[in-house]
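Using the sequences and the accompanying hints, generate a full structural model.
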Amino acid sequence: MIYRRILTLSLFAGCGAFTIPHTSRHSQVSFEHYQPEPRLESSLQSTVESRSGNARSQSISTRQLAMQALTAPPANKKKALENFSPISRLESSPQFLNLEDQRDKSFARHLVSTTMRRMGQIDCILNHVCDVYPPRGKGKQSLILQAALRLGVAQLMFLDTPAFAAVMETVDVLKKTTIGKGQGNGKSDNKVAGKGERKVMPKQLVSFCNAVLRRVDRERDDLLEMTNPRDNVSSFLQKEFIQAYGSDLTNKVIEQLMDETAHQNVDLSLNTSGLKSEKERQVFADEMAEVFSDGHSDREDMGFESIIKLPNGSLRIKKGSNNGSISKWPKYDSGVWWVQDVSSTLPALALISSLRSIHGEENFEKLNVVDMCAAPGGKTAQLLSSGFHVTAIEANARRCRRLLENLDRLQLGEKCDVVVKYGQEWTPDADMKVAGILVDVPCSATGTGNRRPDVLQKDEDLGNLLDTQEKLAHHCAENVLEAGAVMVYATCSLLPKESEDQIKRLLQKGHVEISPFLPGEIPGFDDAIDENGFLRVLPGVLDGDLKQCDGFFVARLIKI
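Those letters in the sequence shown? Residues -17 to -1, 1 to 543, per mature numbering (1 follows the signal peptide of the UniProt record, and there is no 0), in order.
Do not take every clue at face value.
As the list claims (entries may be wrong) - Here are the computed lysine-lysine pairs in the DSS-like style, where the Cα-Cα straight-line distance is at most 25 Å:
1. 398 with 259
2. 416 with 542
3. 487 with 542
4. 314 with 301
Everything labelled a hint here was simulated from the structure, so no lab data went into it. On a predicted model such as this, the values are computed, not experimentally measured, just so you know.
This is the structure:
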């Protein structure tokens, strides 16, 4: 189809008597035979109920949404939901979508992403303070309890949440959580109190969660010292990183992936369509930086605090605490910019640079280029903005719609054909000469771990990714390009087996040769050029503002 744009704490149903043992620094909180003191439960209830006002209800609302998103799916649903991350569960929730205050949405995202990012350290702490962890038991009670414990520890250890709010309001959310039968299928699901057939969480579990979180609060410094940021990365990825980059660089990478402030950065690429010289583009970038920095006295209300200009020409916005909607930022409706991480701009910049040296920028409008796996369209927009005619290939129809919507806003659809098809099945028409192709293959996305912390738990099974990458790269080199054309292969993966190793196999076929990156070619990224002439960008390794960026690999090749 072508869119042509002319346009385990042990859980028991009936918990027996149990007591809170004296929790010294080295003792564990035990759920077995644990009897909550009446004073504890009544004190908890009276203290929480004494709080009033919108702030309390909003806080509990966001924590409720976060806990629901963090509740692991039952075993019989895990396979169907294995690619549905907690953040995706949160953002697809009707309750989340109905939140009117952008700050509540931001807080809920922050709770979920931080809990996911620090999951290894959180579980290490809970393993230490609980006699059995993770919770064991049938049904959803154990899964909900585990989510509440993780959420509470994340707030105490890694967010600037006051201890009272972290403990009491998390426990209050757990107390108000109910488990009810679904509509006619007998399956349990989380429900908001007061709706439908339901069963409240046992008081024993609520009191137990309260005891665990209070102990974590008392011993937070000692507990944090016994963990390591590496705990948050799967043993498979740790081994791969150390083998590829050594221990010191691996520590730097993981430290940056854990940086809680990096998610406040929003990188913008600028629509420079019609600007014919580098000087014009630089002037335009300076003007846009001025618009964001001084042109709006109400920028804090819009959700941004500051702006810097990155070496590659991108603008980096630091989001403010208000976290207003990006659609309210200056020039959004005019299509002047789009959101794109600075590392993600590199593949298109590599292709543009090479075609400039071969054909001259004055001839860009005559050249056909292809963007494989094009959605959501940042790289496609870069190529269109430079003047090329672009064929954007995307196998997913839903993602294609998003691509088309983005191009509409940017007013860049005139010279773009969007094709809904698997890349390895597409070939150009006989009369179409492809000057260059950008192949940003599907990958593990481990370089985006700061924004997508779930990818840091990847195990050895990369599924069909490696096979897809190899087939797509070989198809493009053999069946799409003619001699002299340029191919850029890229991944947002930190794993050599998805990147450097794939290029080695491709070179062995004899269809392409390396076109190495040269110092000064892409400003700011000289230190990312490796001994093969590839770009290998590692989070936390480059200097200055580029320290905070996604991990990326880019190889440039010439068809021979």
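These are the hints, each one checked on the structure:
| no. | hint | verdict |
| --- | --- | --- |
| 1 | 398 with 259 | holds, 17 Å |
| 2 | 416 with 542 | holds, 13 Å |
| 3 | 487 with 542 | holds, 15 Å |
| 4 | 314 with 301 | holds, 17 Å |
Against the hints set out earlier in the document, no violation occurs for any number.
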